[in-house]
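Engineer: As a plain string of letters, each chain reads:
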Amino acid sequence: MNSKYIKEDKLLILELLEEIDHHGVEKIRRKADDEITKYMPRKVILDFNNVTFMDSAGIGMVLGRYKIINMLGGSLEMENVSTPLKKIFDMSGITKICPIRG
Amino acid sequence: MKNIYENEMKLEFVSKSNNEAFARISVAAFAAQLDPTVEELADIKTAVSEAVTNAIVHGYEDKEGTVKILCKLVGNSITIEISDTGKGIENIEMAKRPLFTSKPDLERSGMGFTIMENFMDEMEVKSIVGLGTKVIMKKVIKKDEVEEETITEVLNEISKMN
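Just so you know, the sequences run in chain order A and B. According to my numbering, the first sequence holds residues 806 to 907 in order. According to my numbering, the second sequence holds residues 1020 to 1181 in order.
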């Protein structure tokens, strides 16, 4: 995972680079939470541009991060979500609280 | 009469989470013989990933066991059976309900069965508590049907012209 923090906007961009399944999600979770608690951003963007596979573990992962960010008073958005990934997110209704940009 | 295409493969692996990717990639490689679209292949991979994860997380509860996959190609459809000999499911209807999860602490979304049902054409769950669970899924690869229809239409039109 690559991360970029833009201080003046209090914006944290987390670029996911791995396949998101039950196996891969643990690492993503740990890294994302480290970055979030380090910067305490107002907004977090999860960038899915380099994600080649995702199953329902992705829904749990996004929802879990949303809960943490929401507790800290921030918001979460998703970016570069491909059609197969969007199909999974739409099915869960999670895009209502974590909107997809663009 | 046209010959129906048939093929079969079996896969068996230890219930370790790093085998989730191995399982879905292997099934997708086998399914590729039916010449599915990228989207159909993505649906199959996702459904397999969900069933295998369920076997590992819920069937064996992260203890070591064996996950078995049996794949059959008949005509333009693929049937995938994924089974474990883990603890089984007490209430299948409840387990299939969207957003239901027996392990909310693990950030599981409870969408596994919903995804399998939606991404495949047929899905059946058989389970006996203490003996294990078997998920049987079927997907029809649509492309061939469309092509066959087109061919039939063309043939019909030709016969009309005559």
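These aren't lab readings, by the way, just hints derived from the structure by calculation. Just to be clear, a hint being listed does not mean it is correct.
Quick list of in silico lysine-lysine cross-link-like pairs, DSS-like style, CA-CA up to 25 Å [said to hold, decoys possible]:
{"hint": "1", "chain 1": "B", "residue 1": "K1091", "chain 2": "A", "residue 2": "K901"}
{"hint": "2", "chain 1": "B", "residue 1": "K1106", "chain 2": "B", "residue 2": "K1035"}
{"hint": "3", "chain 1": "B", "residue 1": "K1035", "chain 2": "A", "residue 2": "K832"}
{"hint": "4", "chain 1": "B", "residue 1": "K1082", "chain 2": "A", "residue 2": "K892"}
{"hint": "5", "chain 1": "B", "residue 1": "K1029", "chain 2": "A", "residue 2": "K891"}
{"hint": "6", "chain 1": "B", "residue 1": "K1091", "chain 2": "B", "residue 2": "K1153"}
{"hint": "7", "chain 1": "A", "residue 1": "K809", "chain 2": "A", "residue 2": "K848"}
{"hint": "8", "chain 1": "B", "residue 1": "K1035", "chain 2": "A", "residue 2": "K836"}
{"hint": "9", "chain 1": "B", "residue 1": "K1115", "chain 2": "A", "residue 2": "K891"}
{"hint": "10", "chain 1": "A", "residue 1": "K815", "chain 2": "A", "residue 2": "K843"}
{"hint": "11", "chain 1": "A", "residue 1": "K832", "chain 2": "B", "residue 2": "K1153"}
{"hint": "12", "chain 1": "B", "residue 1": "K1157", "chain 2": "A", "residue 2": "K892"}
{"hint": "13", "chain 1": "B", "residue 1": "K1115", "chain 2": "A", "residue 2": "K892"}
{"hint": "14", "chain 1": "B", "residue 1": "K1145", "chain 2": "B", "residue 2": "K1091"}
{"hint": "15", "chain 1": "A", "residue 1": "K892", "chain 2": "B", "residue 2": "K1122"}
{"hint": "16", "chain 1": "B", "residue 1": "K1153", "chain 2": "B", "residue 2": "K1179"}
{"hint": "17", "chain 1": "B", "residue 1": "K1122", "chain 2": "A", "residue 2": "K872"}
{"hint": "18", "chain 1": "A", "residue 1": "K901", "chain 2": "B", "residue 2": "K1122"}
{"hint": "19", "chain 1": "B", "residue 1": "K1161", "chain 2": "A", "residue 2": "K891"}
{"hint": "20", "chain 1": "B", "residue 1": "K1122", "chain 2": "A", "residue 2": "K836"}
{"hint": "21", "chain 1": "B", "residue 1": "K1122", "chain 2": "A", "residue 2": "K832"}
Just a few of them, taken from the derived set where beta-carbon distance is under 8 Å, the chain A residues facing chain B [said to hold, decoys possible]:
{"hint": "22", "residue": "L816"}
{"hint": "23", "residue": "E824"}
{"hint": "24", "residue": "D826"}
{"hint": "25", "residue": "S861"}
{"hint": "26", "residue": "I864"}
{"hint": "27", "residue": "G865"}
{"hint": "28", "residue": "M866"}
{"hint": "29", "residue": "L868"}
{"hint": "30", "residue": "Y871"}
{"hint": "31", "residue": "M876"}
{"hint": "32", "residue": "G878"}
{"hint": "33", "residue": "G879"}
{"hint": "34", "residue": "E882"}
{"hint": "35", "residue": "N885"}
{"hint": "36", "residue": "S897"}
{"hint": "37", "residue": "T900"}
Just so you know, even glycine gets a beta-carbon here, dropped at the ideal spot from N, CA and C.
Engineer: Look at each hint and say if it fits the structure.
Structural biologist: Going down the list of hints, with the structure as the test:
As the CA atoms of K1091 (chain B) and K901 (chain A) are separated by approximately 39 Å, the hinted pair breaks the 25 Å bound. About 16 Å separates the Cα atoms of K1106 (chain B) and K1035 (chain B), which keeps this hinted pair within 25 Å; it holds. Restraint check for K1035 (chain B) and K832 (chain A): the C-alpha separation of about 16 Å stays at or below 25 Å, so the hint holds. Simply put, K1082 (chain B) and K892 (chain A) have alpha-carbon atoms about 32 Å apart, too far for the 25 Å limit, and the pair is violated.
The straight-line distance between the Cα atoms of K1029 (chain B) and K891 (chain A) is roughly 31 Å, outside the 25 Å bound, and the hint therefore fails. Restraint check for K1091 (chain B) and K1153 (chain B): the C-alpha separation of about 15 Å stays at or below 25 Å, so the hint holds. Pair hint K809 (chain A) plus K848 (chain A) holds up; C-alpha atoms about 12 Å apart against a cutoff of 25 Å. Proximity of K1035 (chain B) to K836 (chain A) is assessed by CA-CA distance (about 22 Å); at most 25 Å being required, the pair is judged to hold.
Proximity of K1115 (chain B) to K891 (chain A) is assessed by CA-CA distance (about 21 Å); at most 25 Å being required, the pair is judged to hold. About 12 Å separates the Cα atoms of K815 (chain A) and K843 (chain A), which keeps this hinted pair within 25 Å; it holds. With a C-alpha separation of about 29 Å, the suggested pairing of K832 (chain A) with K1153 (chain B) is violated against the 25 Å cut-off. Of the pairs offered as hints, the one joining K1157 (chain B) and K892 (chain A) holds, with about 19 Å between alpha carbons and a cut-off of 25 Å not exceeded.
Restraint check for K1115 (chain B) and K892 (chain A): the C-alpha separation of about 19 Å stays at or below 25 Å, so the hint holds. The suggested pairing of K1145 (chain B) with K1091 (chain B) holds, with an alpha-carbon distance near 18 Å, which does not exceed 25 Å. With a CA separation close to 24 Å, the supplied pair K892 (chain A) and K1122 (chain B) stays within the 25 Å bound. The suggested pairing of K1153 (chain B) with K1179 (chain B) is violated, with an alpha-carbon distance near 50 Å, which exceeds 25 Å.
In summary, the hint linking K1122 (chain B) to K872 (chain A) is supported, as the alpha carbons are separated by about 17 Å, within the 25 Å threshold. The hinted pair formed by K901 (chain A) and K1122 (chain B) meets the criterion: a straight-line CA distance of about 23 Å does not exceed 25 Å. Pair hint K1161 (chain B) plus K891 (chain A) holds up; C-alpha atoms about 22 Å apart against a cutoff of 25 Å. Under the criterion of a C-alpha separation no larger than 25 Å, the hint pairing K1122 (chain B) with K836 (chain A) is consistent with the structure, at around 22 Å.
For the suggested pair K1122 (chain B) and K832 (chain A), the alpha carbons sit about 19 Å apart, so the restraint of at most 25 Å is met. Here the hint on L816 (chain A) is broken, as its CB sits about 24 Å from the closest CB of chain B, past 8 Å. A hinted interface residue such as E824 (chain A) counts as satisfied when its beta carbon comes closer than 8 Å to some beta carbon of chain B; here the least separation is about 6 Å, so the hint holds. The beta carbon of D826 (chain A) comes within 5 Å of a beta carbon in chain B, closer than 8 Å, and the hint placing it at the interface holds.
Look at S861 (chain A): its Cβ gets to within about 4 Å of chain B, closer than 8 Å, so that hint holds up. Interface hint at I864 (chain A): satisfied, since its Cβ lies 4 Å from the closest Cβ of chain B, which is below the 8 Å cut-off. The beta carbon of G865 (chain A) comes within 4 Å of a beta carbon in chain B, closer than 8 Å, and the hint placing it at the interface holds. Interface hint status for M866 (chain A): upheld, as the beta-carbon distance to the closest one in chain B is roughly 7 Å, under 8 Å.
At about 7 Å, the closest approach between the beta carbon of L868 (chain A) and any beta carbon in chain B falls short of 8 Å, and the interface hint on this residue holds. Using the Cβ-Cβ criterion of 8 Å, the hint placing Y871 (chain A) at the interface with chain B is not satisfied: the shortest such distance is roughly 11 Å. A hinted interface residue such as M876 (chain A) counts as satisfied when its beta carbon comes closer than 8 Å to some beta carbon of chain B; here the least separation is about 15 Å, so the hint is violated. A least Cβ separation of about 21 Å between G878 (chain A) and chain B goes past the 8 Å threshold, and the interface hint is therefore violated.
Checking G879 (chain A) against chain B: minimum C-beta separation of about 19 Å lies over 8 Å; hint violated. Interface restraint check for E882 (chain A): the shortest CB-CB distance to chain B comes to about 19 Å, outside 8 Å, so the restraint is violated. Because the closest C-beta pair between N885 (chain A) and chain B is about 16 Å apart, greater than 8 Å, the hint is violated. The beta carbon of S897 (chain A) is positioned within 8 Å of a beta carbon in chain B (closest approach about 5 Å), and the interface hint is therefore held.
A least Cβ separation of about 13 Å between T900 (chain A) and chain B goes past the 8 Å threshold, and the interface hint is therefore violated.
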